[in-house]
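One line per chain: the protein sequences are A and B, in this order. Going by my numbering, the first sequence opens with residue 1, and the numbers climb by one from there. Going by my numbering, the second sequence opens with residue 1, and the numbers climb by one from there.
Hints listed in this document are in silico derivations from the structure and should not be mistaken for laboratory results. Even for Gly, the Cβ is constructed at its ideal location relative to N, Cα and C. Some hints here could point you the wrong way.
[As the list claims (entries may be wrong)] Restraint ranges, calculated between C-beta atoms of paired labels, are given here:
#1 A:Q71 / B:R91: 33 to 43 Å
#2 A:F193 / B:I74: 11 to 21 Å
#3 A:A252 / B:P119: 41 to 51 Å
#4 A:S20 / B:I74: 53 to 63 Å
#5 B:F149 / A:L22: 52 to 62 Å
#6 B:D101 / A:L245: 53 to 63 Å
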Amino acid sequence: MSAPGITDSVPVRTLRQLGSVLLFLLQILRQCVPALAQPRLIVAQIYNSGARSVIIVMLCGFFIGMVLGLQGFDLLQRFGSEDAVGIVAALGLLKELGPVVTALLFAGRAGTALTSEIGLMRVTDQLTAMEMMAVDPMRYVVAPRFLGGLIAVPLLVAIFDMVGLFGAQLVGVHMMGVDAGSFWSQTQGAVAFHDVIEGIIKSVVFGAACSLIAVYEGYNVDPTAEGVALATTRTVVASSVLTLLFDYTLTAIFLKS
Amino acid sequence: MRSNRALEIGTGLFVLLGFASLFFLTTQLPGSRLAILNKEDTYQVTAKFDNIGDLKDGAPVSLAGVRIGRVASIGFDQNDFKAVVTMAIDRRYDHIPDDSDASIQTQGLLGGKLIGIGPGGSETYLKNGSQIDFTQSAIVLENLVNKFFANFSNKGSSSGGDAGAAAPATPPAAGPAPADHSHTKEKP
Chain A
1 MSAPGITDSV PVRTLRQLGS VLLFLLQILR QCVPALAQPR LIVAQIYNSG
51 ARSVIIVMLC GFFIGMVLGL QGFDLLQRFG SEDAVGIVAA LGLLKELGPV
101 VTALLFAGRA GTALTSEIGL MRVTDQLTAM EMMAVDPMRY VVAPRFLGGL
151 IAVPLLVAIF DMVGLFGAQL VGVHMMGVDA GSFWSQTQGA VAFHDVIEGI
201 IKSVVFGAAC SLIAVYEGYN VDPTAEGVAL ATTRTVVASS VLTLLFDYTL
251 TAIFLKS
Chain B
1 MRSNRALEIG TGLFVLLGFA SLFFLTTQLP GSRLAILNKE DTYQVTAKFD
51 NIGDLKDGAP VSLAGVRIGR VASIGFDQND FKAVVTMAID RRYDHIPDDS
101 DASIQTQGLL GGKLIGIGPG GSETYLKNGS QIDFTQSAIV LENLVNKFFA
151 NFSNKGSSSG GDAGAAAPAT PPAAGPAPAD HSHTKEKP
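Could you put the whole structure together from the sequences, leaning on the hints where they help?
If you want it as structure tokens, here you go:
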């Protein structure tokens, strides 16, 4: 979407990209309130990007929880405190693995779908046709998808954490023989309310970042078949990198405060 | 219209599941009064300590190395300047003599603190609200180390600061250390 005849150097191009993403975000935010007037559109997007990702999120959460249970048990056994396996699993899931892995799954499962859907609308000139009919595509196509992702990701993270805890409990209590009472009471003693809040804040940030990248890449796609393919790839790469980057930053901020 | 219905039901289920999980994570996981899960069947016993070290809420209470309860809360008595520790002990263990003693011990060398109960010989047992009178404070490791080194350097200087005299100075220095240990134990 660059102006013809002008070729920017790499740093300038990066800067422009960053600026255009931020401007795009502002445009979406301006359309968010009017978009709420069509809740059906948002519900449809929550279904597409949220409800249809539940199975994969549950499956991954379950296995990650079980792995945490096994590894935590193996490590803690050496110090004779295998009761604390619940703490390891709960804090690991709540603070790091839940938000990050769910965001990565979301980028792969729903982000790519969003990008290729909007990208194909661009390629087949549906977005232009909407503009011709004085229907703002930002308001009717982009904003509901962004909001849908923003709402879906925190809920997916909560489901992921729950199922993961269940998996860790299954391994720790039923396979390894940790006492169920001390598993839960140790966990309840060690997990503070702000740990849960940190996880929720992270999931909201990751949800916003992944949704934004997905709709931006779709909306500004190079209108060819190859362009859609490249945009989809870029969505996954950029979402993953951004998620991990934000994760580090947020963790550093939370640990300082 | 049919697909619309499926969509709405699916979304509703997803949102319901998500919020149920969020509710569970925020209310049940952090130990709080809202917790329904793992509602423990316990009775409360208090004990006063001169110094609890870094004992924390939720620390285990054990008897003969078996975990029988946990520290429910830690308070402070302004009248005699002692820490008041409330322990929640499992109802299953209701035959603990009421003249038992409570001491603050360390899990491993550098682990967290726990309360160890040493059983007494009384025929009456601890019940809800009773107090353990015989307590022994936490042994602060830094104080012990400080005393040990203070003794060590005193001995070292009195026996002449020669390099050759340093080797025979070690066995006497090891002598006072256990004696010192018992001193701190007798104080409370």
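To see whether the hints hold, each was checked on the structure:
1. A:Q71 / B:R91: 33 to 43 Å: Since the Cβ atoms of Q71 (chain A) and R91 (chain B) sit about 34 Å apart, the hinted range of 33 to 43 Å holds.
2. A:F193 / B:I74: 11 to 21 Å: 19 Å, holds
3. A:A252 / B:P119: 41 to 51 Å: 49 Å, holds
4. A:S20 / B:I74: 53 to 63 Å: 56 Å, holds
5. B:F149 / A:L22: 52 to 62 Å: Holds, since F149 (chain B) and L22 (chain A) (Cβ atoms, about 60 Å apart) stay within the stated range.
6. B:D101 / A:L245: 53 to 63 Å: 55 Å, holds
Checked against the numbered hints listed earlier, the structure breaks none of them; every hint is satisfied.
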